[in-house]
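A.B. asks: Here is how the chains run, residue by residue.
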Amino acid sequence: MDDFEIELKHDFLQEARELLQNTEQSFLELEKDPSNKTLIDAIFRFAHNLKGTSRAVGFGQIAELTHRAENLLLEIKQEKIFATDLIVSTLLLFNDKVREMIDGLEENLDAVFDCEQLMKDLDAIIAGEAAAPVATPAAASFEPEVEVEVEAKSVESFEEPQVETVAQAVVHKLPEKKEVKKEPRKDDETLRVSLNRLEVLNNLVGELVIIQSVVESALGKSGELKTARSLGKLCKDIQDLSMSLRMVPVGPSFQKLARIVRDTSKLLNKKVDLRLIGEDTEIDKTVAESLGDPLVHIIRNAIDHGLETPAERIAAGKPEEGVVEVMAFHEGNFLVIQITDDGKGINGSKLIEKARAKGIIPDSMNLTEQQAIELIFHAGFSTKEVVSEVSGRGVGMDVVKTNIEQLGGEVKVRSKLGSGSCFRLMLPLTLAIIDGMLIKAGGQQLVVPKGQVQEVIRLEENMITQMTGRRPYMNLRNTIIPVFYLEEDWGSVATGEKANIAMIVRHNDQSFAIGITDIMRQQQVVVKPPTKEILNKQGVMGTTILGDGKPSLIIDLINLYSRKLRQEMNNDSMVQAA
Amino acid sequence: MFNPNTPVLVVDDMSTMRKIVAKILRDLGFTNITEAADGNQAWETINKAPAPIGLIISDWNMPNCTGLELLKRLRGDKNISRIPFILVTAEAEQHQVAEAVKSGVDQYVVKPFSKDALQAKLEMVHKKYAAAA
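Order-wise, the sequence lines are chains A and B.
Numbering follows the working numbering, with no gaps: position 324 of the first sequence is 324.
Numbering follows the working numbering, with no gaps: position 128 of the second sequence is 128.
Extracted from the complex, chain B is given alone in its bound form:
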């Protein structure tokens, strides 16, 4: 599983959603959680964060820069080492998941999700990155 000190970035334009996700992460033991309200803010945070962000959990539909746009930007940047990326989707977006997978998303969770659901996804993502390393 991820080291609990891994800096996690939670991206969502609804502050209530960010709070929920952050709470689940804290319940899973994570201690270093940063929030951003859209893809642009997230991009800034990723580039400025004192310790490199080690995991991103991002909403899909956001103003200014969507989760998918953020993902494409990340994967398109050679200077940023691959950061595990989990996309949070609503059921209406499920048919679009293929595009997200093509763009390099590691996992997606459908909201609302439970602590267990997120933990399962996190473990899968962690295994994948551990195997690659």
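This is chain A alone, in the form it adopts within the complex:
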């Protein structure tokens, strides 16, 4: 293979991947509206292009498989075959297979795949034979390691005709947005740039902003403040622009959900109306990529544990089709994704029972309803007696919570028994720049994320109550909150400096005070990921270079102290229990 051929092959794989993304959406819509000519045309064109181009770049296997699918689609297009649920399922399998092949080819351009069965299935449908794909797409798409087992099951259930009709997933998309997508305007033309280059650019711009602040303070002294300010504004604009280059719409992450909802609802025989709102909302690419798994998990949970069966819903006086709404919007420096279902809600008392039985909380511990609901975030917690095939795979909501927190975000849950639950994911818009507060503690300059600090109060000695062997505490507007000292964890030397100021941090309805020596100023800092040496130190979010050119650690207060607090509370409850 010469270089051009290799380049072409990679180009094709990337282009095909993008096409697949759009096509899956079309397949799902086709299921809802099987006689929609526009959709059929678009899907046919996809297969047509995929076949022609894959053959031209030398991926014969993709071409061969796609040729079968194209033939079937042509029959559908010419109205010789009607796109039944079964046929759409087979086509979705085809979609999955092509994706699998693309993934495989990206690793190894000479990879070979097994698609005999699928080609036979496609041919059988065209020949008008008992068209029966052996695996449901539901099984293939998210249970690959147990595929064989699930396959066997679906063959059994296949003989029952209601498989086709009982479960239906309906996907509502905002129509006006779809229109915009179809015909991109000329001035929206795009260019692919490697993320690496953008990262280098962002880093350089970050440095530029730092130098600018040094220059500003120097120029300020010589009376050239106006020039310094113009330079500052220019730098800020460049920085905003370079940051925005990393932003992508959440839409693609959302579109995957439509497929998940379809497959999960079919497997569970539940009816689900998925509503996606705010797909154009933008977020940092890195954040968007890490968002997929947590979202999928929450959605599956909502359908599996949240939504009732159609019969149960009718008995409860609800419409038989459950609603799952996924909404994205910006709030301050955060992207909020809210997943709401109108299912049965989370039963707090049941969770408490379970937690006690499992020894997660001591019998003597009383929890508020909200605290009880939040038990679902506890590691290794699953309330269903039998771990369900869909969502209980050992990966719990605790993993979702950890993942989101690692991104510097937060997960909140509200639930009302009988009316449903709402999960709220709050994610920072970008990981590369934060609004920081430069503080002093234990003789060190440190940066903390401003967003974590709820308020700052002046500490007087008589505000703090010390108890031997226990965490000191203070009374903040009639709430008792624990007091930590940053110096204990991150001071370079024991300076004996007084903690004059307390930052109040709130996490999961628990506030705590963190004593520091002083607050220097607020400033935006460019986060550089922690190096290997400090990666294992708890509570370090990264490092940055300050305006004076000195490096500083960025401390993740929530990560550091919520963990510490949990440990101390566990120790306490053990002491109490003993």
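Treat the hints as calculated values from the structure; they're not laboratory data.
All clues stand as given, with none of them false.
BS3-like cross-link-like pairs, simulated, lysine-lysine; straight-line CA separation at most 25 Å:
1) A/Lys256 <-> A/Lys412
2) A/Lys412 <-> A/Lys350
3) B/Lys78 <-> B/Lys102
4) A/Lys226 <-> A/Lys236
5) B/Lys111 <-> A/Lys77
6) B/Lys72 <-> A/Lys37
7) B/Lys72 <-> A/Lys77
8) B/Lys78 <-> B/Lys128
9) A/Lys318 <-> A/Lys271
10) A/Lys416 <-> A/Lys271
11) A/Lys528 <-> A/Lys550
12) B/Lys111 <-> B/Lys23
13) B/Lys23 <-> A/Lys9
14) A/Lys318 <-> A/Lys416
15) A/Lys32 <-> A/Lys256
16) B/Lys121 <-> B/Lys111
17) A/Lys9 <-> B/Lys111
18) A/Lys9 <-> B/Lys115
Using the hints, position chain B against chain A.
C.D. replies: Positioned in the frame of chain A, the structure of chain B alone reads:
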């Protein structure tokens, strides 16, 4: 054969296909190659191109405006002098070629095609236009 400086327009909704066709054209010596992703874009390019487009190589099945629609639009416009038009087809479309010929297509190639295949077609088209001139 065509002058290597002839502005060529390659129309295909798959960027990988455009790249392949452009590469073959460059290998055949062409130096002035423009691309468009569908018939509408191609139409715009034809009307706005600084030097008049002297050869079009277009895919058939494209969204918004197909290759055949583009051809009909071109041939129906009195202000545009006849531009040599080669349609790229897949085998599934071969039975439709008659319609393309009726609409004034000069040649068609079935993809995937080799450099030699395209060169042969180009020579035929060039001869036809040279004879007419």
